[in-house]
Structure formats: C-alpha cells, structure tokens
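Trainee: Can you build the whole structure from these sequences, using the hints too?
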Amino acid sequence: MRKPSKTTQPERDALEWTRLMARYRTPNTARSLLELFVTVAPFVAIWAVAWWMLSVSTVLAVILALGNAAFLVRLFMIQHDCGHGSLFRSRSACDWLGRAIGVVTLTPYDVWRETHSIHHATTGNLDRRGIGDLPTMTVREYREKGWIGRSLYRLVRNPVFLFGVVPFYTFFIQNRLPVGLMRSGWHYWLSALATNAAIAAVLATLVWFSGWHVLVFVFLPTMFLAAMTGMWLFYIQHQFEETSWQRDEDWNIHEAALEGSSHYALPGILRWITGNIGVHHVHHLASRIPFYRLPEVLRDHDALANVRRLTFRDSLRCAMLALWDEKGRRLVSFAEARRLTA
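In terms of numbering that gives the first Met the number 0, the sequence shown has 253 at position 254, counting the first letter as 1, and numbering is strictly consecutive.
One should not assume that every hint holds.
In silico EDC-like pairs for lysine to aspartate or glutamate, Cα to Cα no more than 16 angstroms straight-line [claimed, not checked]:
id, residue 1, residue 2
1, K326, E140
2, K326, E241
3, K326, D249
4, K326, E240
No lab work stands behind these hints: they were computed from the structure.
Every value quoted in this text rests on a predicted model; they were computed, and no experiment measured them.
Mentor: Shown next as structure tokens:
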C-alpha cells in the first residue's frame, strides 16, 4: 500500500524560490577555510594514527580507518562545493583545491565537475538519462525488455550490488578514465590521467615506507566505506517514491530541482559529516550556495524545510524502489510494478 505523503507544497513556485536563494550564494572565506581545516586535519591525524596502530593491532587500525571514512565523505562534499564554485569567490581557487582533493577521493575533478553539471542540467528528465545519474527505467521500458535486459537491470538495482559493487567500480575503476566524456577533448583525459598519476605516486610512497599492509588495512577500508556512503547519499537524493520524472516537453529545470530532489533530514552529526548535502532540493535550486549556508535557508524558509522531507527511517524503505510509474507518477518496486495494469 502506498505510504501517505509527508510533504507539503511550498508557498512559492520553483522559479521564485530559485530567485530568492540568490542572497545565500556569497561564501565566507574564513568560514570556508575553517570547514576545510576541521575536515582535513582530523582526516590526516586519524590516518596517521591508524598507520602507526598497524604495529600494535591490525583490528584497531582497521576500526580507525573505517571511522575515518566520515571525514573522507566530508572531504568529498567540500570537493563537490568546489565543483560548483561555491566554496570561494575565486573559481580558480575552487578548481585547484578540487583537483587536489580529487587525488584523495580518487575522483578526477574536471571530469566529475562536467558530468555533475550534466546531472544538474538533466535531473528528472526521462529523455536525457545516462550521464551523472543512476540507471532508472520506466515500468513500460522494463516490460519491453527481454529476459536478459530485465535480469541485468534487476542486478544493477539490487541493493547489495548497487551499494556494494557499484561504489567499488565507480571510484576504483570507472574514475580512472573520463567515462561519459571520452570524445569531449584532451582536457578531460588530462584530468583523469593526471589524477591517476598523482594517486599512483601517493600509493607508491605509502608502500615504500610501510609496505602493502597500509593499503590493505588503512587505505582500502577508508575508501570503500566512504564510497558506499557516497553512493547511498547520491541514491536517496533522487530515488524516492514521490520524486519527479518528466518527458522533455514537460520538463522544467526549476521544478525538477524542487520536486525531484529530497530533503534528507539526518541527525545533526550526520548532517555535519555529509556537508548538509541532504538539503538537496535547495542545493539543486541554487547550487552556488556554500554547504554551510544551507541550514540557514531552511531556518529562514519553513516551507522548504518540509518539501520532499525524508527521515533516515523513511529512506531505508526507498532502497527497494526501482522503476518509474509514468501513470501513477511515483517510483515503485519490482513487486509493485507487477501489480500495475499495463
């Protein structure tokens, strides 16, 4: 049975909200530097302690490495703000910081920035799927597939595969090439290959001084848990029951931002770790707002605090959603899709 909606419609239309968000776009350089420091310093310190702890207890080293995934997730969110040019007033400063962080997050910054901008420009558009989003079929498209196509899609949308295998593939394999931009020019190849070279240099240095065990018990646990967390966050930002998908002729970027992006209302510590990325509907309305100003928007505008709101418990139910029902205008599970009339 369909769960009653917990969302309310905002008092203004999406375009008007976008215009109102403009006054929150100005970053505070001192605040941005502070956010960077309180993320990088603990990340480096914990990684150093975990490295040292290998000589005492491998188990404790792995536990510390897993805990450090929280700071790596936050570091990726800072890189995300760099990609939108929202962390500093200087676009160049954002870009070079983003490229440096990309070595740590295994993400070629210029490639990711371009594919992510495509995601923002096409989110919720059924006729422009394929770059910067998760594979999403409509119920009709799924029914028209042969058994091989349906089986492959069910595999990709299986939560174990989606949040276990896909994160590893994305960050450790796919990011090594400018996937999605292979024919878009040398700039993206340079971004991918230069990032790869820098990553190789860092890993070689670690192995030279400490051996392979530092990669296996410190580097990999941190990276893999952070990648899994990032995949979940990206999923829940747009893959929820009452999201919005439209055909190109009916699609509107501002409405897609407001109606197709969730407000993931996490507990305070998780909001801090994730850089307020859960306030995703506001982020899509105005991507130039620094992540630390997003709560300010919700405090000033109660209506936005209740739009597409998902609690952590609500979000767990979304993991089984897989197909867009164009008639019912909601995301459904495979089981629900079987009960729908053609």
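Trainee: Next, verify each hint and record whether it holds.
Mentor: Comparing the hints with the structure gives:
1. Distance hint between K326 and E140 is fulfilled; the C-alpha atoms sit about 13 angstroms from each other, no more than 16 angstroms.
2. Between K326 and E241 the CA atoms are separated by roughly 13 angstroms; this keeps the pair inside 16 angstroms, and the hint holds.
3. A distance of roughly 14 angstroms separates the Cα atoms of K326 and D249; the hinted pair therefore holds under the 16 angstroms criterion.
4. Taking the CA atoms of K326 and E240, the gap is near 13 angstroms; set against the 16 angstroms cutoff, the hint holds.
Going through the hint list in order, the structure satisfies each hint without exception.
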